[in-house]
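**Student:** Start from the sequences, fold in the hints, and give me the full structure.
The listed protein sequences correspond, in order, to chains Y and U.
Okay, so the first sequence: first residue is 1 according to our numbering, each after it adds one.
Okay, so the second sequence: first residue is 1 according to our numbering, each after it adds one.
It should be emphasised that the hints constitute simulated quantities derived from the structure, not laboratory data.
Don't take each hint at face value.
Claimed, not checked - Distance windows between CB atoms, simulated: (1) Y:R78 - U:E180: 12 to 22 Å; (2) Y:P60 - U:E180: 23 to 33 Å; (3) Y:T136 - U:T199: 51 to 61 Å; (4) Y:P60 - U:L101: 56 to 66 Å; (5) U:L77 - Y:E142: 46 to 56 Å; (6) U:E311 - Y:M59: 28 to 38 Å; (7) Y:P60 - U:S120: 16 to 26 Å; (8) U:A212 - Y:H132: 53 to 63 Å.
Computed from a predicted structure; not experimentally measured.
Where is the CB? At the ideal position from N, CA and C, for every residue including glycine.
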Amino acid sequence: MMTNPTGRLTQGQFSFLPDLTDPEITAQIQYGLDKGYAWSVEYTDDPHPRNTYWEMYGMPMFDLQDAAGVMMELQACRQTFPQHYIRLMAFDSTRGVETITMSFIVNRPATEHGFGLARQEVHGRSMRYTVHSYATDKPEAERYT
Amino acid sequence: MSQPLYVIPGSTTAITAPMVPEASPARTVGEVLAQSQVESVLDELGRDLVGLVPVKQRIADIAALLVIDRLRAQHGLQAQAPSLHMCFTGNPGTGKTTVALRMAQILHRLGYVRKGHVVSVTRDDLVGQYIGHTAPKTKEVLKKAMGGVLFIDEAYYLYRPENERDYGQEAIEILLQVMENQRDDLVVILAGYKDRMDTFFQSNPGMRSRIAHHLDFPDYSRDELLLIGDRMLAESHYHFAPGARDTFDAYLQRRLQQPHFANARSVRNALDRIRLRQASRLYSERDRVLDAQALSTLDASDILASRVFNEVQP
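**Tutor:** So this is what it looks like as structure tokens:
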């Protein structure tokens with residue numbers, strides 16, 4: 001891919017950097033907690049850019065003080081889904097904001113299949129283009145094995 | 001770093017990186033104490049809490065161990081982090097919760113726990129109502145307590161031997177696992193009455209062996225209870241009229257013989273009732289001008305009106 005020569009999924013924060021190490025992730029989580037955000041863990045094996053809502057791994061974690069709690073949940077998710085994309089999201093519940101303020105990928109499959117361009121001929125010689133994830137050619141749970 | 005990292009367009013002041021003074025490594029016990037300010041908490045503990053000599057001694061020992069560990073770490077003498085899970089046993093009103101709060105402060109100042117908050121829970125917060133409800137509930141509480149102290153009040157209720165399908169066992173297992181694997185992140189303090197905690201530990205030997213410190217809170221003597229009463233009154237700006245303190249002593253003597261005496265908690269309740277009687281005594285004197293002195297004095301008659309004086313003979 002021209003725009004993504006490393007063939008890595010680039011969604012959310014830090015996605016053009018090398019993978020964050022666990023201490024780095026812990027530091028990011030602690031930063032969010034100090035700001036009063038609620039963290040949650042999500043996973044998916046369908047990383048299409050329009051797939052906004054990934055599967056939740058447990059409930060969002062409100063009222064936490066220390067990053068160790070979120071890391072515990074993340075480790076449990078990694079153990080369950082070692083070959084899935086996993087991301088951490090921070091929800092800011094401030095009135096008027098009430099949205100996700102941080103989101104970054106913390107786990108990737110060993111090989112990332114990337115995306116292809118799908119063309120569709122319509123109305124004579126007009127073309128329609130869409131992005132197609134190679135991973136989704138396989139059924140769920142077999143996509144990154 | 002004298003060169004600014006970047007300049008905001010339109011701004012005239014250059015960005016200077018904040019200078020953080022490098023803390024010199026402590027070499028003596030005194031320096032560690034000065035840096036961590038743990039001594040003030042220990043002093044407060046000694047000053048504010050009446051009696052409890054064995055408990056204070058144990059806490060001082062734990063603090064000493066942590067200070068020495070800090071010094072050892074600077075010489076590269078790494079030791080495994082000590083297990084600091086504790087069990088507080090004692091009769092009601094002997095100050096278990098109060099000491100747990102102080103303990104969190106001390107551990108935080110010594111850098112043993114990162115945040116130093118206390119999450120106080122009972123069986124209801126840990127054990128679910130149906131299958132599959134307990135594990136997420138327990139884990140949620142554990143996650144909230146990470147970086148601080150998890151205080152489980154009346155912990156023996158977690159285990160109900162009469163019901164073999166009770167979900168309490170599941171909560172205990174998760175608890176044990178986290179206590180073992182994440183002792184850097186979390187300190188668990190169990191509290192409860194002595195005899196019932198003993199039966200609890202007998203049926204959960206794994207729990208007993210993972211708790212390093214078993215602190216037994218002794219009952220207060222009558223003199224100590226009087227002192228506690230004095231402090232409670234001073235805190236809420238009351239004082240005894242001349243002779244009333246002896247009357248209160250006589251009240252305590254009788255109250256101690258009655259069942260369900262809950263140490264400091266009973267003293268607090270007794271004082272609350274005495275305040276009620278003082279209020280209604282003053283209320284009945286419609287035309288009297290009440291100054292601060294009159295409003296804050298508890299008379300012997302307020303104490304003597306208690307039914308304890310009719311029921312119990314010394």
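**Student:** None of the hints should be skipped; say for each whether it holds.
**Tutor:** Hints versus structure:
no.	hint	result
1	Y:R78 - U:E180: 12 to 22 Å	holds, 20 Å
2	Y:P60 - U:E180: 23 to 33 Å	holds, 27 Å
3	Y:T136 - U:T199: 51 to 61 Å	holds, 57 Å
4	Y:P60 - U:L101: 56 to 66 Å	violated, 29 Å
5	U:L77 - Y:E142: 46 to 56 Å	holds, 52 Å
6	U:E311 - Y:M59: 28 to 38 Å	violated, 53 Å
7	Y:P60 - U:S120: 16 to 26 Å	holds, 23 Å
8	U:A212 - Y:H132: 53 to 63 Å	holds, 58 Å
Of the hints listed earlier, those the structure fails to meet are numbers 4, 6, in rising order.
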